[in-house]
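Hey, can you work out the whole structure from these sequences and the hints?
Protein chains: 2
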Amino acid sequence: MQGYKAPQKDALFVMNELLGFEKHYADLGFEDASPDMVEAIFSEAAKFSENVLAPINAIGDEEGCTWTDSVVTTPTGFKEAYQQYVEGGWPSMTHPAEFGGQELPYSLSSALGEWLSGANHAWAMYPGLSQGCMATLEAHGTPEQKKMFLHKLVAGTWTGTMCLTESHCGSDLGMLKTKAEKNDDGTYSLTGTKIFISAGEHDMSENIVHIVIARLPGAPEGTKGISLFAVPKFNVSADGENEDRNAVTCGSIEHKMGIKGSATCVINFDGAKGYLIGTENRGLNCMFTFMNSARIGTGLEGLASSETAFQGALAYAKDRLQFRSMKGVQNPAGPADPIIVHPDVRRMLLTQKAFAEGSRALAIYAMKLVDITLYSKDEADKQLSEAKLAFLTPIVKAFLTETAQESTSYGMQVYGGHGFIKEWGMEQLARDTRICTMYEGTTGIQAIDLLARKVVGSNGKLLDVFTQEVRDYCLSIRDKGQFNAWSNAIEVHLDEWKQLTVDITKRAANNPDELGAASVDYLMYSGYVTVGYFWLKMAVLAQEKLDAGVDNPEFYQAKLHTAKFYFDRLLTRTRSLVSAIETGSDSLMSMPVDQFDLGA
Amino acid sequence: MQGYKAPQKDALFVMNELLGFEKHYADLGFEDASPDMVEAIFSEAAKFSENVLAPINAIGDEEGCTWTDSVVTTPTGFKEAYQQYVEGGWPSMTHPAEFGGQELPYSLSSALGEWLSGANHAWAMYPGLSQGCMATLEAHGTPEQKKMFLHKLVAGTWTGTMCLTESHCGSDLGMLKTKAEKNDDGTYSLTGTKIFISAGEHDMSENIVHIVIARLPGAPEGTKGISLFAVPKFNVSADGENEDRNAVTCGSIEHKMGIKGSATCVINFDGAKGYLIGTENRGLNCMFTFMNSARIGTGLEGLASSETAFQGALAYAKDRLQFRSMKGVQNPAGPADPIIVHPDVRRMLLTQKAFAEGSRALAIYAMKLVDITLYSKDEADKQLSEAKLAFLTPIVKAFLTETAQESTSYGMQVYGGHGFIKEWGMEQLARDTRICTMYEGTTGIQAIDLLARKVVGSNGKLLDVFTQEVRDYCLSIRDKGQFNAWSNAIEVHLDEWKQLTVDITKRAANNPDELGAASVDYLMYSGYVTVGYFWLKMAVLAQEKLDAGVDNPEFYQAKLHTAKFYFDRLLTRTRSLVSAIETGSDSLMSMPVDQFDLGA
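As given, the protein sequences belong to chains A and B, one line each in that order. Sequential numbering of the first sequence, starting at 1, is according to UniProt numbering. Sequential numbering of the second sequence, starting at 1, is according to UniProt numbering.
Some clues are possibly wrong.
If several chains are the same, the list does not tell them apart, and a pair holds so long as it fits within one copy or across any two.
Said to hold, decoys possible - Straight-line alpha carbon distances no greater than 25 Å define the calculated PhoX-like cross-link-like pairs of lysine-lysine that follow:
no., residue 1, residue 2
1, 318, 177
2, 182, 47
3, 506, 327
If you're looking for bench data, these hints aren't it; they were derived computationally from the structure.
See below:
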């Protein structure tokens with residue numbers, strides 16, 4: 001496979017030109033995060049991704065992790081790459097100076113999040129989980145806990161995990177069984193077994209801080225009886241130094257379809273010492289801090305896969321000679337034309353490109369909202385951003401990872417039979433990204449979160465808040481006649497989106513299964529319209545740039561071409577989604593369970 | 001993963017009740033193939049698939065094939081299973097008595113083709129390729145060649161391959177370089193390297209007969225200069241006994257995403273002795289015999305994956321407890337409800353079920369057409385069947401394998417994170433079936449075959465021939481008011497299908513890229529309508545059975561429920577396909593190649 005190239009120019013286009021990040025950072029008081037500074041950071045992040053992580057991506061898949069007697073060894077080069085990551089200061093980028101952080105805005109990590117994963121999804125899991133652990137401690141830890149854990153986590157000397165899943169409960173955390181009992185010294189003893197713990201055990205860091213959900217004796221049943229704990233692999237002194245081994249061990253690692261370089265661990269807690277984070281029985285509320293950023297982070301992984309699959313497929317499509325164009329010979333010097341002359345190959349490439357770039361705009365926009373919720377002093381702006389972020393988070397998570405399945409599948413398909421062969425790297429991409437629609441809440445869970453919890457749960461208010469932004473934008477470009485067709489298409493979708501919501505809500509009043517029946521199609525519909533809004537914005541901006549005269553007109557011309565493809569070929573997918581949604585729940589629910597399988 | 005169950009009842013329903021196979025076989029003179037006989041054969045085929053092949057499916061994936069010094073060793077149990085397959089007489093089922101065959105109708109192998117692959121896709125590649133080799137020799141070999149090769153192939157003592165692909169040519173066979181030079185004794189010497197040769201070398205049989213395309217000195221360029229040869233691994237005496245080793249060796253095997261138990265070989269011909277099949281330079285015509293049946297065979301593999309993924313997902317969905325139904329507690333004895341109560345889980349299961357059963361009806365119908373083309377004495381019937389088969393073959397190949405990607409992806413998705421873990425078997429299914437949209441002609445190749453070669457190439461006649469059958473059927477059920485909505489939906493699609501074809505043809509007259517631009521969406525459109533026709537037929541028949549009173553009403557009720565799901569949720573996918581097709585080629589072709597990647 002050709003080398004990975006971090007899409008720096010496109011990320012900078014989105015931040016600086018499309019979303020006005022210079023002003024955004026200045027407004028929030030991040031004077032250091034000037035465009036020059038951002039560009040310099042991105043340039044280093046790109047080098048690290050391209051030169052350090054990409055070369056060990058196939059090795060990680062080939063070797064996987066090995067487990068012996070509770071010790072996990074990561075693939076060749078993973079540990080050294082992590083060392084370079086720490087030496088580069090990457091773990092500390094967005095964390096408070098108090099703990100050794102660089103206090104850069106959170107959104108700066110969006111490019112890093114995409115590129116690390118785009119170059120090496122499995123490797124990126126290790127620092128990714130640490131970020132979740134730190135975010136939880138920063139938001140909900142006591143000063144003592146922060147002092148104990150955060151210095152080494154921020155430095156990257158230690159890493160962290162999130163321990164939620166148990167064998168009998170994944171989505172439904174209310175069923176968890178891991179027990180926590182209070183000790184006389186105020187700590188807790190945790191006992192139970194967690195599964196699917198990414199980075200749960202490995203050889204990269206000196207300690208691992210597990211953020212664990214567990215149940216106290218006599219806690220209320222279900223999600224109202226969940227408490228949150230920090231449980232280190234090695235016990236930690238008050239000033240944050242390693243002490244003796246805690247009763248936390250890795251019982252085994254999973255053999256998986258992909259991200260084989262990422263250790264997915266069974267973690268046994270055998271009376272392990274833990275520290276309560278937040279209030280007893282209110283652990284799930286604290287978890288949401290982490291879960292929302294993890295969900296956007298997973299969306300970035302999906303976007304990353306679309307980009308990497310696009311790069312791989314494009315290189316092959318330019319190089320591989322097969323058949324002549326139906327229009328006649330395009331490459332007279334060769335025995336055949338490069339397959340990029342064939343319309344269906346272009347359809348696949350443009351789908352990948354439109355998903356990658358449209359998703360990038362949406363994801364970085366979501367990260368901008370996160371910034372505002374974290375740092376803004378303007379309460380109204382903060383609340384508005386929180387509302388938009390709540391609405392967009394399940395869309396970012398599910399839509400960007402679902403479209404990544406299509407992008408990576410096309411990555412293989414463009415290669416024909418060669419796509420199935422390991423050495424080209426395209427099949428690894430498809431295997432690695434397959435987890436993204438399942439972990440951090442499946443697509444079905446995101447869809448219910450969007451439709452039932454966010455939209456219907458707010459009486460449609462969260463939908464209105466976001467669509468008002470889109471309406472205002474469409475109104476603002478009315479005078480630019482050139483884009484009326486696309487702008488109208490978006491406005492028609494806004495009305496339809498609202499109507500669909502009203503109809504589903506009405507049906508659900510009599511039959512709550514109507515929500516589940518509509519949910520995933522509704523989420524995908526929402527994704528196509530939302531990304532369509534960003535394509536419209538990118539197209540309008542690109543035309544402005546071209547009209548004004550720029551040094552690199554091709555970049556902006558490409559945006560216009562890709563936007564046209566999006567409106568012609570991808571936004572139109574809403575037609576079938578609407579047809580499906582309108583049929584309601586009957587065809588899903590009417591068949592008795594014992595009639596499902598009578599064919600054998 | 002739970003055990004595989006061959007869908008015997010459903011296959012018998014399609015053959016005996018839906019498609020009238022008793023009369024069909026009698027008409028063609030196959031008196032032996034009575035319903036009782038068919039059922040007995042199916043029962044044995046089911047046992048073999050379930051008890052012999054399914055248990056070694058995961059082993060095959062885990063071990064893969066190994067290559068040392070041109071010798072390939074298949075996974076544990078593969079050789080023994082093949083021995084049982086031979087002892088059961090399966091290789092000879094549909095072949096002429098003259099060579100030791102049982103002379104059963106070709107279509108009887110459709111169930112076998114599905115079930116072998118559904119139980120163990122990788123293993124099924126070995127006998128599958130043999131069938132292609134035998135079909136080619138039976139159709140185009142000289143009496144001497146038949147005598148040399150067919151006895152042992154039909155017995156299964158030998159196996160066969162098809163050697164087409166070279167590293168620089170896959171779809172575009174006109175570029176092939178392998179040379180064949182005529183020897184004084186009338187044989188040929190073949191020199192060249194073929195890649196991606198399934199079952200090219202292995203340890204299951206005493207000899208391997210390669211069917212190879214090559215180019216004679218001075219042959220016309222392109223596909224008009226391709227000749228076909230039989231090239232055995234061991235030279236063969238005139239009466240079909242092994243002699244000395246021929247200059248055919250396996251240079252290596254590929255490391256692949258899936259079907260790891262299937263040896264995908266690089267085969268080197270170093271002046272290997274070969275026998276011309278058919279006429280010099282007319283090899284591709286002979287290949288079509290094989291390619292058409294191989295394409296339907298690949299469609300059966302796709303159908304098989306949909307079925308197996310459905311079975312696996314259904315078992316988990318009934319067993320896994322997670323959340324309560326939104327309608328209230330359904331499983332008061334348990335801590336949560338089985339996930340099959342959730343509408344979105346049912347949406348995934350019903351999609352798999354509707355694809356599997358609808359595809360099965362279509363595939364067996366195509367096999368019925370093959371029977372008629374092979375055995376009928378009625379020339380008009382034969383020609384009509386040939387026309388329908390030519391039209392349906394690319395649809396069967398591409399639609400059944402594309403929908404298999406969705407079915408197997410849902411197989412994992414229903415399992416949530418567990419779907420990504422090897423021990424459940426769902427991820428292997430997705431990896432194994434991924435090749436099906438790429439080998440035997442990619443989806444893009446099938447789509448061009450359908451739209452450009454078959455439909456536009458016949459001035460729409462092939463489309464009309466098939467849609468007339470559908471129209472006649474819809475007309476015949478007009479009096480059954482109950483099904484008017486679905487019947488009308490199909491009829492509206494028939495008109496639209498025609499109109500789309502007319503529109504595309506018109507645009508293509510000025511711009512041939514319009515064909516490629518529309519092709520894959522057109523093929524998928526054709527697939528949804530064609531399978532919709534079979535769902536309509538199955539629903540009407542199921543209602544007739546229920547009205548007449550049957551012992552097993554649940555089987556027929558399930559057909560009605562699933563048909564409703566198909567019309568509500570799957571046929572409606574044509575809406576987006578039409579929208580995409582109507583936009584034409586402009587958004588695909590307008591971007592210059594050097595603008596594709598400017599983001600990095």
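Right, here's what the structure says about each hint:
no.	hint	verdict
1	318 to 177	between (54 Å within a copy, 22 Å between copies)
2	182 to 47	neither (48 Å within a copy, 57 Å between copies)
3	506 to 327	between (53 Å within a copy, 16 Å between copies)
The structure shown violates just one earlier hint, number 2.
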